[in-house]
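Generate coordinates for the entire structure from the input sequences, incorporating the hints supplied.
Number of protein chains: 2
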Amino acid sequence: MRLPQIAPARLAELLSGGGSLPVLSEKVVYRGWRNVIKRTVQFPNGQPVSFDVTDAPPAVIVLPWCSRTKTVTLLKEYCPGVNEKGMFTLVAGLYEAKHTSVEDCVRCETEEEAQLRGGTLIPVMSSADGSMPGAKYTAQRFLPYIVKDATPVSDPRPLDDDEIIVPVHGISVEEAVWIALHGRMTSTGCMMLFLALHKLRELKEIE
Amino acid sequence: MRLPQIAPARLAELLSGGGSLPVLSEKVVYRGWRNVIKRTVQFPNGQPVSFDVTDAPPAVIVLPWCSRTKTVTLLKEYCPGVNEKGMFTLVAGLYEAKHTSVEDCVRCETEEEAQLRGGTLIPVMSSADGSMPGAKYTAQRFLPYIVKDATPVSDPRPLDDDEIIVPVHGISVEEAVWIALHGRMTSTGCMMLFLALHKLRELKEIE
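Taken in order, these protein sequences are the chains called S and H.
The first sequence: position 179 = 179 (the working numbering), numbered continuously.
The second sequence: position 59 = 59 (the working numbering), numbered continuously.
Errors might be hidden in some of the hints.
Given that identical chains are not distinguished, each listed pair holds provided it fits within a single copy or across any two copies.
As the list claims (entries may be wrong) - No more than 27 Å apart at the CA atoms, straight line, and that leaves these computed lysine-lysine pairs for DSSO-like: (1) 148 with 70; (2) 98 with 148; (3) 204 with 98; (4) 136 with 27; (5) 27 with 38; (6) 204 with 70; (7) 148 with 204; (8) 27 with 70; (9) 136 with 38; (10) 136 with 148; (11) 85 with 38; (12) 38 with 204; (13) 204 with 136; (14) 27 with 85; (15) 27 with 204.
Hints listed in this document are in silico derivations from the structure and should not be mistaken for laboratory results.
Now the structure itself:
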């Protein structure tokens, strides 16, 4: 399936009603792995309304895809939120100043976490900057990529001390979907898995 | 596509390596719309490692689907994280004590936010409790449902004072995918949209 052409008038209708609200104040109320910002904006009815908003650098999120075996690489990762070692996740990491580009960040994270090097990078988004907004209350954005046909390495970059990650190669699409639907994958992982499967269908890599 | 049967030995292999880590301490370090908990666990190497974990009640997330017109209802919602009124989101809300059941919560939120009443509830997950884990650093879970063929109401339950939400009915699957891929939908919305489209294909509602 190719992306459809949508008539300009319909697009304008769909995309109407945007714009920001006046920001009355912003205050960092918690500093930690993610910061929490208390943001007060002026609502259209004139009233001030406050929200807790989290912020963090953008995060790449990556599905490694092997076109020969038609399989993906997922991670088994320790997830502190549910305190569980056996959660399935996707390669992900913060895009920071140490990276020379988004592509460099995608390659570094794929090597560190999935023990795969090289391959072809396929941006998943059609947005101008390749990014996806985060959830309703977060300013963090995602940068979703498929890495096609990377090569296994035996000497990957080391993991951070606060990570427990085991890459699992050779997972079929059906197995990945089973894992997701049975609640064994994080919501961020599910987001990227199903989004990437859509893209792989568009690219005719899968049916 | 129906969910495949995966051989028990392969499933056991895929699901191995789970379990929790010993929790050494837990402390609420920020109380707000979401709480932030500093959780310290003992890593397999014996070292204590601390994480910031957010917690909140489980959230239902809902895609209303009209089988006659083959269209969905999305929301245009003010999102404080990006301070933008024109973001597309899906019906969602916290499952709280005031609800008599998850299904009651799904119906209330669908009426409040999408101005749709009734219809058939279709759980999307195959997990025992119908839930999906949240992101890596959150303990909040999702409860994803499709609501099929609900009826528009002219007297919906009122929105909360801190919400700006306009339901948009009659969006085709292609339009919804366009919106998502062009960065106009939250990541949580994208997660649910593509997951629900998978389920609708499984149910042969769409190709």
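Against the structure, the hints come out as follows:
Taking the shortest Cα distances, residue 148 and residue 70 sit within 27 Å of each other inside one copy (10 Å), while across copies they are farther apart (33 Å). When the C-alpha separation of residue 98 and residue 148 is checked against a cutoff of 27 Å, the pair qualifies only within one copy, where the shortest distance is 24 Å, while the shortest distance between copies is 48 Å. Taking CA atoms no more than 27 Å apart as the test, residue 204 paired with residue 98 passes in neither setting, with 35 Å inside one copy and 47 Å between copies. Proximity of residue 136 to residue 27 under the C-alpha cut-off of 27 Å is found in both arrangements, the shortest distances being 18 Å within a copy and 26 Å between copies.
With identical chains, the CA atoms of residue 27 and residue 38 are at most 27 Å apart both within one copy (5 Å) and between copies (21 Å). In this assembly of identical chains, the alpha carbons of residue 204 and residue 70 lie at most 27 Å apart whether taken from the same copy (12 Å) or from different copies (24 Å). In this assembly of identical chains, residue 148 and residue 204 lie within 27 Å of each other by CA distance solely inside one copy; the values are 13 Å within and 30 Å between copies. In the homo-oligomer, the alpha carbons of residue 27 and residue 70 never lie at most 27 Å apart, since the shortest distance is 48 Å inside one protomer and 45 Å across protomers.
Proximity of residue 136 and residue 38 under a CA criterion of 27 Å is satisfied in both settings, with 14 Å inside one chain copy and 23 Å between copies. Taking the closest pair of Cα atoms, residue 136 and residue 148 come within 27 Å of each other only across two copies (25 Å); inside a single copy the shortest separation is 31 Å, beyond that limit. In this assembly of identical chains, residue 85 and residue 38 lie within 27 Å of each other by CA distance solely across copies; the values are 18 Å between and 33 Å within a copy. Taking the shortest Cα distances, residue 38 and residue 204 never come within 27 Å of each other, neither inside one copy (45 Å) nor across copies (45 Å).
For the identical chains of this complex, residue 204 and residue 136 are neighbours neither inside a copy (32 Å) nor across copies (31 Å), given an alpha-carbon limit of 27 Å. For the identical chains of this complex, residue 27 and residue 85 are inter-copy neighbours only, at 21 Å across copies versus 35 Å inside a copy, given an alpha-carbon limit of 27 Å. Taking CA atoms no more than 27 Å apart as the test, residue 27 paired with residue 204 passes in neither setting, with 48 Å inside one copy and 49 Å between copies.
Violated hints, in rising order: 3, 8, 12, 13 and 15; the structure is consistent with all others.
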